[in-house]
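These protein sequence lines are chains A and B, in that order.
Residue numbering for the first sequence follows the numbering used here, starting at 1 and increasing by one per position.
Residue numbering for the second sequence follows the numbering used here, starting at 118 and increasing by one per position.
No wet-lab data here; the hints were simulated from the structure.
Keep in mind it's a predicted model, so treat the numbers as computed, not measured.
In this text, a Cβ means the ideal position worked out from N, Cα and C, and glycines have one as well.
Check before you lean on any hint, since a few could be wrong.
Unchecked claim - So these bits of chain A aren't anywhere near chain B, every CB distance computed over 10 Å:
| id | residue |
| --- | --- |
| 1 | 7 |
| 2 | 42 |
| 3 | 53 |
| 4 | 65 |
| 5 | 69 |
| 6 | 105 |
Claimed, not checked - Under the rule of at most 20 Å between Cα atoms (straight-line distance), these lysine to aspartate or glutamate pairs were calculated in the EDC-like manner:
| id | chain 1 | residue 1 | chain 2 | residue 2 |
| --- | --- | --- | --- | --- |
| 7 | A | 71 | A | 27 |
| 8 | A | 42 | B | 222 |
| 9 | A | 68 | A | 39 |
| 10 | A | 42 | B | 139 |
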Amino acid sequence: GENVEQHPSTLSVQEGDSAVIKCTYSDSASNYFPWYKQELGKGPQLIIDIRSNVGEKKDQRIAVTLNKTAKHFSLHITETQPEDSAVYFCAAAAPNAGGTSYGKLTFGQGTILTVHP
Amino acid sequence: GAVVSQHPSWVICKSGTSVKIECRSLDFQATTMFWYRQFPKQSLMLMATSNEGSKATYEQGVEKDKFLINHASLTLSTLTVTSAHPEDSSFYICSAGSGTSGSDEQFFGPGTRLTVL
């Protein structure tokens, strides 16, 4: 089955700095890679996702890059703000049996991001 | 965006009792719902996948007779923890997807905190 490794486990940055979180995956069939932000006591919220036919995707201060050859993808947050502090999870999924949508997600271990004012 | 609700948000029960958690997709029809368990400071672990009108598919190591899942309609799935014990105390999170081509996103509920005394 799929195995997703995420690093670092904790990341501390100063407000305004950039933060980078990296993930690797094992299943070459995986082609959907979402990133989630989870605040304490709440469910995960999708912040950005990327599919295997795209190498990079950006949404304001957040960007994700994907290297399918190396089986790794990264989350980049620029101009970090204290409200970015949370736990971030990467995930990977392969198409379901019918090939029409994606099946179950395999999550990374999570990164606790702390942005100091 | 699509909204998924869970009820209750938290529950405390005595050992040996059963607890039912509801997961509802509020503004879309969810052909597939997923149930996750998250222990403190850990990642989300998939417990089972439920498809409307059919039996749930459980992940390895998850007891299907202990964690009963019912997905009776396109907007409601329930997880019943039977004969709960303290080791079942955890944060239970559901997610829902429409399962249609081109719509890969899973929408997560806010989670249910279960404490078994």
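Verification of the hints:
The Cβ of residue 7 of chain A sits about 13 Å from the closest Cβ of chain B, beyond the 10 Å cut-off, so the non-interface label holds. Chain B draws residue 42 of chain A into its interface by the beta-carbon criterion, the shortest separation being 6 Å against a cut-off of 10 Å. For residue 53 of chain A, the condition that its CB be more than 10 Å from all CB atoms of chain B holds, with the nearest at approximately 12 Å. Distance check for residue 65 of chain A against chain B: the nearest CB is about 19 Å away, which clears 10 Å, and the non-interface claim stands.
With a least beta-carbon separation of about 22 Å from chain B, residue 69 of chain A lies farther than 10 Å from that chain, consistent with its non-interface assignment. Residue placement check: residue 105 of chain A does not keep its beta carbon more than 10 Å from all beta carbons of chain B (closest about 6 Å). A threshold of 20 Å between alpha carbons decides the hint, and for residue 71 of chain A with residue 27 of chain A the separation of about 8 Å falls inside it, so the pair holds. Pair hint residue 42 of chain A plus residue 222 of chain B holds up; C-alpha atoms about 18 Å apart against a cutoff of 20 Å.
Using a Cα cut-off of 20 Å, the hinted pair residue 68 of chain A and residue 39 of chain A is violated, with the two alpha carbons roughly 29 Å apart. With a CA separation close to 16 Å, the supplied pair residue 42 of chain A and residue 139 of chain B stays within the 20 Å bound.
Checked against the numbered hints given earlier, this structure breaks hints 2, 6, 9; the rest are met.
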